[in-house]
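Input sequences plus hints: build the corresponding full structure.
Line by line, the protein sequences give chains A and B.
The end of the first sequence is residue 512 by the working numbering, with every number in the run present.
The end of the second sequence is residue 1126 by the working numbering, with every number in the run present.
Among the clues, some could well be false.
Stated by the list, open to error - Just some of the chain B residues that point at chain A, by a computed CB distance under 10 Å:
{"no.": "1", "residue": "Q1032"}
{"no.": "2", "residue": "T1037"}
{"no.": "3", "residue": "L1043"}
{"no.": "4", "residue": "Y1044"}
{"no.": "5", "residue": "T1045"}
{"no.": "6", "residue": "F1047"}
{"no.": "7", "residue": "V1048"}
Honestly, the hints are just simulated from the structure, not real lab data.
Computed from a predicted model, the values in this text were never measured in an experiment.
In this text, a Cβ means the ideal position worked out from N, Cα and C, and glycines have one as well.
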Amino acid sequence: MQSVSSQFTARANGTMRPLSWRLLMSFPKAFQADVDFFTIGVSTIGGTDIIKGEGNVIQEWDKYQYDDYSYRVMSIEVTRQEEMVNSVSTAMADIKLANYDSYFTPDAGSVIDNFILPYRPSRLYLGFGHEDIPVFTGLTEKMPTIDDKSKTASFHLIDFMYSLFNRPLDETILLQNVSTDAALETLMDAAGILPTQYDFDYGYNIINFVYFEKGTKFGDAVKELMEAEMGRFYMDEAGVIRFKNRQNFSSTPVAYFDKSNTIAVKTMTQDDIINVVEIKANVREVQAKQKYWELQSATRIPAGTSVDIWADFNDPVTSVDTPVYIASATTSAFTTNKLEDGSGDPVASNVSVLATRFAKSYLMTFTNTNTFDVYITTIELWATPAKIVKQIYLRESDAASVDEYDERVLTIENDFINNSGDAYSKAHIILDDWSTYGRANEMTVKGNPALQIGDAIGCTINGYEGTYVISKIVNRFVGSQFTQILSVKERVFKTYFTIGVSTIGGTDVIAP
Amino acid sequence: MSKDLRIIVTTPAGTTVELPLYSTLTEQTDPQETDNTTLDGTLYTDFVNNRRAWRVAWEKLKAADYDTIRTIYNQQYQYEMYAKYTIPEYGISNRMKMNISDRNIRLNGEIIEGFSITLKEQYAVS
Chain A
1 MQSVSSQFTA RANGTMRPLS WRLLMSFPKA FQADVDFFTI GVSTIGGTDI
51 IKGEGNVIQE WDKYQYDDYS YRVMSIEVTR QEEMVNSVST AMADIKLANY
101 DSYFTPDAGS VIDNFILPYR PSRLYLGFGH EDIPVFTGLT EKMPTIDDKS
151 KTASFHLIDF MYSLFNRPLD ETILLQNVST DAALETLMDA AGILPTQYDF
201 DYGYNIINFV YFEKGTKFGD AVKELMEAEM GRFYMDEAGV IRFKNRQNFS
251 STPVAYFDKS NTIAVKTMTQ DDIINVVEIK ANVREVQAKQ KYWELQSATR
301 IPAGTSVDIW ADFNDPVTSV DTPVYIASAT TSAFTTNKLE DGSGDPVASN
351 VSVLATRFAK SYLMTFTNTN TFDVYITTIE LWATPAKIVK QIYLRESDAA
401 SVDEYDERVL TIENDFINNS GDAYSKAHII LDDWSTYGRA NEMTVKGNPA
451 LQIGDAIGCT INGYEGTYVI SKIVNRFVGS QFTQILSVKE RVFKTYFTIG
501 VSTIGGTDVI AP
Chain B
1001 MSKDLRIIVT TPAGTTVELP LYSTLTEQTD PQETDNTTLD GTLYTDFVNN
1051 RRAWRVAWEK LKAADYDTIR TIYNQQYQYE MYAKYTIPEY GISNRMKMNI
1101 SDRNIRLNGE IIEGFSITLK EQYAVS
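Printed below as a string of structure tokens:
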């Protein structure tokens, strides 16, 4: 739950609730690099410095120069949702603005006419009285939809994670023996995200070998890491990118709902049930340097020319020795000859090689500066490949649930799950949370914009009693009504064993 | 002590006019709010603000006075702005949007009967 004042909470729970909202947009995308936290006596009121909030981080998107369009807001709807199992959250928003003067209409002569373009930074706030809190930080996705009849302009907004997730990695990433947070930091660096822009827990999952090929979408890479870690990855309402490890959940409800503050509640469908979990993983480990590839047939290099020879590998490699002309038996080497079958004279000079290593291939450019043709008759490459050393297959089920609902299988194929113990624990966490019907509900409540994904809430409505975790929030502000729809999931909270705190033989369980 | 219930208008054209003596002045409130009911019937209200409007009515209005009012009404569109209305008794001096009722013409066009205007304040009061 976001930090708010006691007055904010009192108003959220009150009977006459003065709604407030704010919309900031930066159509020109003017950027002010020197933005800092507001300092009394230094910063000026109305200046660019920002008030320090919950997060102790100034984001790049804090540095845009925003204009206030709150007075044009006709409706706001912000949807924030966590994906099942891999626990990656993204947010989107739809806003409808008054456009009586064609201000947002392209080519209509507005002062922002040249800037009515996709990807305009936008921020949304909701609250009560004079206190509003951030609920969304992102970008316009496309051009606005203009309705000339109702004189409105509608924008669909995506949070910065959306654009980040669709970005392909422009380099291959190979890492050994790293925790989830270290792997995420490498991905962030590859995506151009500064360390000041994120806040990560340490990860519990230690991965023998991380391999993301060039071109892998950033979002796919993060989801794979989160699926193995069972943590949460999201951009919060203020725009800070956060990773929470799998134990960073609070089971203490931040809000309670009964019939006096709930407008509607319904059970989600049994399609959500998972009562069989299959986990498959190929565990890779980097091997000692070894002979890994050989040339299959001789290759001719005409006099005075260069020829490329590609070596394609079955496994990613972390290093390859550059081949040298006839060397020792423990490093890469090549041999040359005047004849294709190697029966002629070897050519010891004026043949050079330039090599480039890729994750699963190796490019060798041979140059022959002799005045006669030369054959490369053999090449041996010595490398350190990351080979599959273990295959994990595990199938766990909840027999009672299978009896009632038939098999509902979730298959996880993730090579970052590196041991059977972890796989077993993960399977049972999922079964604990998803094998029973009626433990996921949608609640329309007397809302509080401070609620966040992952917050625990208590419910005392007959038939729905329990402690739930919020997995989706829709904040809807239309006209003079604030509606909040929560998708919640009952969660089995376990206290994990902590050395020095837990007792052997006690109820705390070993962390996965 | 007599009350000053005059309505003085600064028109969009910049002139000052006093509205003819009216028969009724009604304050109207139009809160922008939504009442919500929870599962057990508890009521709560989300509100944005409270908008105020003034209905001014004449049982009979001379044609010339009607024309004065109509000019102010027309100037809203001509000058693309609201006129400013002052009611000294209530300490009000705000720009307001004027809406007018039907024009019921009587006595060979000399009298307009049952005419009213509604002045909706530009800014909400809370």
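We went through each hint and held it up to the structure:
The interface hint given for Q1032/B is met, as the beta carbon of that residue sits about 4 Å from the closest beta carbon of chain A, less than 10 Å. The restraint placing T1037/B at the interface with chain A holds, with a minimum CB-CB distance near 7 Å, inside the 10 Å limit. Below 10 Å, beta-carbon pairs count as interface contacts, and L1043/B has one with chain A at about 7 Å; its hint therefore holds. For Y1044/B, the interface hint holds, since its Cβ comes within 10 Å of a Cβ in chain A; the closest pair sits about 5 Å apart.
A distance limit of 10 Å between C-beta atoms decides the matter here; for T1045/B the minimum to chain A is near 5 Å, and the interface restraint holds. The beta carbon of F1047/B comes within 6 Å of a beta carbon in chain A, closer than 10 Å, and the hint placing it at the interface holds. For V1048/B, the interface hint holds, the least distance from its beta-carbon to any beta-carbon of chain A being 4 Å, beneath 10 Å.
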